[in-house]
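S.K.: Here's the letter readout for the chains.
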Amino acid sequence: MQWELEHREQIAICRLTGDLDAGTATELVSVLEREIDRGANRLVLDLGRVSYIDSSGLGALVKVLKKARLGGGDVKLAGLEPEVRKVLELTRLDKIFEITRTADDAVRQYLAGTR
Amino acid sequence: MPASRRFERTLGNDFKEAAEARVWLADCLQSLPVDARGIVSDLVLVLGELLTNSVRHAYDPEAPGRIDIVLSVGDEDVLLTVRDYGRPMDPSKRHEPDLSQANEGGYGLYLVRMLTDDLEIDAPGGVGNRVVVRRGIPATAGARPAPGPRSA
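If you read the sequences in order, they're chains A and B. In this text, residue positions in the first sequence follow the numbering used here: the first is 16, and each later residue adds one. In this text, residue positions in the second sequence follow the numbering used here: the first is 139, and each later residue adds one.
For the record, the hints were derived by calculation from the structure and aren't laboratory data. Predicted model, so just to flag it, every value in this text is computed and none were measured. C-beta: ideal position from N, C-alpha, C; glycine also. Heads up, some of the hints might be wrong.
Listed next, with one range per pair, are the computed distances between beta-carbon atoms [said to hold, decoys possible]:
id: 1; chain 1: B; residue 1: P171; chain 2: A; residue 2: T32; range: 25 to 33 Å
id: 2; chain 1: B; residue 1: R232; chain 2: A; residue 2: T117; range: 33 to 41 Å
id: 3; chain 1: B; residue 1: P226; chain 2: A; residue 2: D120; range: 45 to 53 Å
id: 4; chain 1: A; residue 1: L126; chain 2: B; residue 2: L257; range: 40 to 48 Å
id: 5; chain 1: B; residue 1: P199; chain 2: A; residue 2: T32; range: 25 to 33 Å
Excised from the complex, chain B in its bound form (with noise of 0.2 Å):
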């Protein structure tokens, strides 16, 4: 079976705090094989847009706001999952933006479906929102030249 390593952090709806987070999130993905260190700068920014959308629209700016980060890095994946219990996302705020045209905003999530695999937005036990997001790591990463004849 598959080893995996799991990753936990809570923080307020501060975007101090997230920024201190997206460290946090690099550092926990240094264990990746050096092939697939592409990939953690991409996560970064996945971490940085869910942790914005949490921050600026489950909470209020004044009010105290909880947001839970898991980290699951596992041998061909690596899952993420963001956890707040504010406000529901708007579906109707989940468009695509238009990329014929510059846009001041409307592009956090779309970048998230373009920087990852899978995408699951949802609201356990109807309250506020939690985003499971999956990354493969590719298949050559991890892979070096075999010190001598492989066994089977």
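Just chain A, with the same shape it has in the complex (with noise of 0.2 Å):
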């Protein structure tokens, strides 16, 4: 798995590529928990280019919520493809992320204010 990371106006937008799954997990985890650290509790994560999670990739996301709602901040989910998108609804987390269809939209919803 490789991933970018941009920053606008203190929101980290995480650009994921390849498979999220229990090998690459806990990489994840530290990459995003280290932004939350230095303060960009308002995370977006382009899942654009990832087509496959498991239930380690879904504890991953879930684990950094946490930490970014404990702050005040809140971690949104961009783009996600049909089989990711499964996975959230199977498992209920599409109702606890916010999902949004491009990684703007959740950096307009974050500057217009919401969380």
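Taking the hints as your guide, dock the two standalone chains into a single complex.
M.R.: The structure is reproduced here in structure tokens:
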């Protein structure tokens, strides 16, 4: 799995490419928790190039979400592929995470003042 | 008698090998009728979860461990068996996750159950874990417009 980080007005946008699985989840958590520790507790995860997520990947997303919300921030998920959306729906995490069509939509929501 | 194609693969307790096995499974399932391809991504996830269980829970991280996969693709269903020889699964950990809240764990076997039609877990000879799952192939899969009048 690869990722690119971009910052816009203290919002961290992380664009992921590859599989979010048991072998990659731990490293992703480290990267995102470091962002939160640096003050960017409003995160956007662009999953447009992720077609596989497993329970370990879900656990990673939840762990980061909890840390972000603890500090008054949030994690928004953008650009979900059908396979990823299905897994989120099966686990009902689609009701927990804010999901947007694109990363830009998520940034606009943050800037509009919602969380 | 319906034809069945059988595929086998053995790997070590390693997440990288598990990821490679998922690609292998998807390749094996390319022989499914086009209409049934929707179940490929489901079964890839099922295999991923079962392999994660074996790698993470059956074996110690540094110790060598063997995992065998057997895939049988029939006309009506797909059977997938994952066998390890490590620590048996703790039945008390097979609980359903509380879906009303966000959990950091516990979704693995739940997803396997949701994406398959049958699930059996045992330990042949009291050793390790054997998980067998079955996923039916939709009855409409493979149906093609008939080129002419059908014979009975």
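S.K.: Look at each hint and say if it fits the structure.
M.R.: Here is how each hint holds up against the structure:
Checking the proposed 25 to 33 Å range against B/P171 and A/T32 shows it holds: the Cβ atoms sit about 31 Å from each other. Under the hint 33 to 41 Å, the C-beta atoms of B/R232 and A/T117, about 39 Å apart, fit the expected range. Between B/P226 and A/D120, the C-beta spacing of about 47 Å keeps the proposed range 45 to 53 Å intact. Hint check: A/L126 to B/L257, Cβ distance near 46 Å, so the stated range 40 to 48 Å holds.
For the hinted restraint 25 to 33 Å between B/P199 and A/T32, the CB-CB distance of approximately 27 Å keeps it satisfied.
Violated hints for the displayed structure: none, as all numbered hints are satisfied.
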